[in-house]
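Chemist: This is what each chain is made of:
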Amino acid sequence: MSEQLFQKMAQSIIDGDSDAAVALARESIATGIHPLDAITKGFVMGVNTVGDAFGRGEAFLPELVMAGEAMKAAVATLDPELKRRGSERKILGKVVIATVEGDIHEIGKSLVATMFGASGFDVYDLGVDVAPDKIIGKAIEVNADIIAMSALLTTTMVKQKEVIEELEKEGLRGKFKVMVGGAPVTRDWVKAIGADGYSEDAIGAVTAAKQLVGVA
Amino acid sequence: MTKNIKSITNPKLKLEILTPAEIKKIHDATLWIIEKVGVKFPSERALNIWAENGAEVDRARKTVKVRGEIIESALKKCPPIYPLAGRDPNQDLCLDGNHVYLGTDGCGVEVIDIQTGQRRVSKLQDVVEIARIADATEEIAFHWVPVSAQDMPAKTRGLYEIKAIWENSTKHVQTESIYNKQEAKTAIEMAAMIAGGKEALRKRPVLSLMQCTASPLGHDGGSVEAALLAAEAGIPTGFMTMAACLTTGPATLAGNLAVGNAEVIAGTALLQLAYPGAPVFYAAAQTASDPRTGAYTGGGPEDFLFGAATNVLADFYNIPLSMGSFATGAKEPNWQAGIENSLSTFMASIVMSDMLLGVGFLHGSRIWSFAEMMMDCEIFSIIEKTLRGIIVDEETLALDVIAAVGPSGNFLTQKHTRQHMRDIFLPQFMDRRPYNEWESKKDDARDWALAKARKTLAEHQPDPLDAKLSKEFEKMITKLENKG
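Each protein sequence line maps, in turn, to chains A and B.
Heads up, the final residue of the first sequence is numbered 215 in numbering that gives the first Met the number 0, and it's a clean run with no missing numbers.
Heads up, the final residue of the second sequence is numbered 483 in numbering that gives the first Met the number 0, and it's a clean run with no missing numbers.
Because the hints were derived from the structure by calculation, they are not lab data.
Hints may contain errors.
To list a few chain B residues with every Cβ distance to chain A over 10 Å, as calculated [claimed, not checked]: (1) A153; (2) R365; (3) T416; (4) D462.
Straight-line distance between alpha carbons at most 16 Å, and here's what the computed EDC-like set of lysine to aspartate or glutamate pairs gives [said to hold, decoys possible]: (5) K330/B to E199/A; (6) K71/A to D124/A; (7) K174/A to E140/A; (8) K190/A to E161/A; (9) K160/A to D132/A; (10) K154/B to E100/A; (11) K40/A to E57/A; (12) K61/B to D128/A; (13) K5/B to D150/B; (14) K160/A to D150/B; (15) K122/B to D187/A; (16) K184/B to E231/B; (17) K93/A to E105/A; (18) K2/B to E68/B; (19) K154/B to D124/A; (20) K76/B to D443/B; (21) K202/B to E231/B; (22) K137/A to D187/A.
Among the chain A residues that face chain B by a calculated CB cut under 7 Å, a handful are [said to hold, decoys possible]: (23) I103; (24) Y197; (25) S198.
Glycine residues also receive a C-beta, built at the ideal position from the N, C-alpha and C atoms.
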């Protein structure tokens with residue numbers, strides 16, 4: 000019986016069907032399935048299937064993002080039940096992510112945030128045009144593992160550097176890993192500002208983040 | 000012909016990419032989007048203008064919904080024809096719908112160094128060198144800021160860039176890297192000093208401004224305010240959409256066109272509501288994101304179709320178009336670069352896009368290559384020649400000559416041949432040598448193009464900008480830099 004439900008859960012993720020995923024999550028709570036089982040035996044299997052197909056070049060980005068969104072919806076539905084039972088979902092790490100101050104370009108940052116979430120990171124997405132002290136403040140508040148910053152303009156890219164400098168000034172640099180990204184960001188820039196991680200796309204960003212928290 | 004500038008004009012080839020009914024459908028869809036979905040203008044000033052003109056303004060979401068007739072009547076005030084002036088009046092460009100002018104692309108972040116061949120971060124000296132070569136190159140009619148002067152302060156970088164171009168070229172400058180009020184204000188003052196005053200600048204704008212939209216359906220606040228300042232000063236201003244299928248636009252081409260069109264015409268209408276009759280242009284570089292990664296592609300059939308379709312829209316509104324062509328996604332000047340840049344430029348040119356952006360980039364407008372710059376110019380020349388088509392008249396049918404030569408003769412010794420042989424296109428960078436010669440050298444277009452760029456840079460002396468102006472510009476920039 001629960002085997003069938005687990006399969007349906009996986010399928011809802013593969014289909015990128017958030018509504019179905021939420022309904023199945025509710026059903027599993029009602030039938031007394033442990034939420035951790037629902038996640039690991041059900042929904043995560045779907046994420047893995049889509050991830051593998053993506054890796055083979057068979058699945059496309061929208062499928063991956065929709066799977067990520069469905070996963071997020073399922074987990075959000077299961078979370079209260081998890082808390083009630085006093086157990087916790089295993090997360091890979093906490094990420095505070097934002098597009099830097101003066102820059103309103105959102106899509107790349109949001110894509111990376113979704114991929115982080117779908118891969119098992121706890122993501123705090125602060126949106127766009129976010130000042131350095133806000134980014135750092137949030138990272139301290141949630142005890143983040145990673146600060147991730149996006150910029151699309153060479154004139155705003157310098158804010159990535161400012162955040163790193165500010166962390167150093169406050170003696171916090173060792174506390175957080177810093178990732179940067181965005182179209183003008185190059186390996187040379189990453190080196191020049193002393194960031195810890197970088198990728199040219201969202202998939203690579205997940206790999207880089209996993210390395211930074213020591214799970215890859 | 001304008002001094003040292005080649006353009007496409009009076010083409011014989013034609014293409015109907017969209018029927019009038021289809022264009023109307025896209026237009027109606029666009030008006031529906033602007034009225035029902037809305038467009039974001041994160042600028043107090045812009046929202047006020049919209050409110051004063053009867054739009055529904057949501058201050059919290061910084062979004063406006065505007066009735067179609069407001070947009071349509073505003074767009075009617077756009078001037079259909081106006082010039083882009085050069086520092087040298089002999090290089091003024093007329094945006095009249097019957098010329099396609101080529102510019103340099105922008106704004107990249109890395110350069111393949113012209114001397115060492117090493118890829119590195121772009122700096123002000125690169126802007127200088129590219130401007131100097133473009134000044135001497137007839138295919139290039141105007142400048143975009145080609146690369147970001149990353150060795151200059153972020154706050155005034157855009158001003159250093161246009162100053163560098165003016166100091167090294169007499170051709171028109173269009174900047175896409177000034178997107179805030181403060182820099183725009185100083186840039187306009189600089190332009191007025193070159194033109195000889197504010198009124199002279201209106202007549203002969205030596206500067207134009209291009210602002211990127213924030214797809215889908217948004218604008219950047221700084222960009223909008225810079226555009227309003229430019230429109231007020233009579234400086235040609237355009238909004239560029241880069242809506243990309245799958246990510247910042249619908250997966251389908253028609254929907255993507257409508258989204259981008261909504262961004263551009265809403266921005267354009269705003270400028271007309273504020274400053275009726277201000278010279279404006281439509282700008283676009285739509286694409287499809289790569290389905291596997293979401294990456295910017297810089298080429299593909301979708302880009303080619305957008306390149307032609309957008310001019311039809313701009314024509315529908317009767318305003319000039321600046322169209323993104325070239326900008327290959329290739330990592331080096333190669334097969335992919337040749338295909339993408341040729342087809343995108345052909346499609347944008349055959350419909351007579353007024354401005355083409357532009358030459359010089361690899362990796363989706365990120366890495367400047369001097370070799371690519373020169374080869375892109377050759378692509379433009381090939382297309383220019385092709386679009387002239389085949390002329391059929393007594394002289395070109397050449398019956399006398401055919402009769403004189405008769406069966407089994409040859410045409411090499413005919414006067415007619417001598418008269419017309421220079422009509423045949425002569426490439427600079429195509430390899431037509433005997434195989435053995437190639438085998439002994441193994442060089443190709445890339446080597447010759449780079450050699451030409453180096454030679455031009457070494458030899459070309461542009462007409463200098465008045466040293467007093469340079470000094471004054473320097474002071475203005477420093478003043479802005481030191482302002483809190």
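Chemist: Please go over all the hints and tell whether each is borne out by the structure.
Modeler: Do the hints match the structure? See the list:
1. A153: At roughly 4 Å from the nearest Cβ of chain A, A153/B sits no farther out than 10 Å, so the non-interface label is violated.
2. R365: violated (7 Å)
3. T416: holds (52 Å)
4. D462: Label holds. Min Cβ-Cβ 30 Å, cutoff 10 Å.
5. K330/B to E199/A: The given pair, whose Cα atoms are some 14 Å apart, holds under the 16 Å limit.
6. K71/A to D124/A: With a Cα-Cα distance of about 14 Å, the restraint between K71/A and D124/A holds, given a limit of 16 Å.
7. K174/A to E140/A: holds (12 Å)
8. K190/A to E161/A: This hinted pair holds, its Cα atoms lying about 14 Å apart.
9. K160/A to D132/A: With a Cα-Cα distance of about 13 Å, the restraint between K160/A and D132/A holds, given a limit of 16 Å.
10. K154/B to E100/A: Answer holds: K154/B to E100/A is near 13 Å, not above 16 Å.
11. K40/A to E57/A: Roughly 23 Å between the alpha carbons, so the hint for K40/A and E57/A is violated.
12. K61/B to D128/A: Distance of about 15 Å is within 16 Å: holds.
13. K5/B to D150/B: violated (33 Å)
14. K160/A to D150/B: holds (15 Å)
15. K122/B to D187/A: OK: K122/B and D187/A at ~14 Å, within 16 Å.
16. K184/B to E231/B: holds (11 Å)
17. K93/A to E105/A: violated (20 Å)
18. K2/B to E68/B: Answer violated: K2/B to E68/B is near 43 Å, above 16 Å.
19. K154/B to D124/A: violated (27 Å)
20. K76/B to D443/B: Given pair K76/B, D443/B is violated - Cα atoms ~50 Å apart, limit 16 Å.
21. K202/B to E231/B: Holds - the C-alpha atoms of E231/B and K202/B are around 13 Å apart, at most 16 Å.
22. K137/A to D187/A: Measuring from Cα to Cα gives roughly 28 Å; hence the hint is violated.
23. I103: Cβ of I103/A sits 5 Å from chain B, so the hint holds.
24. Y197: violated (14 Å)
25. S198: Violated, because the Cβ-Cβ distance from S198/A to chain B comes to roughly 11 Å (cut-off 7 Å).
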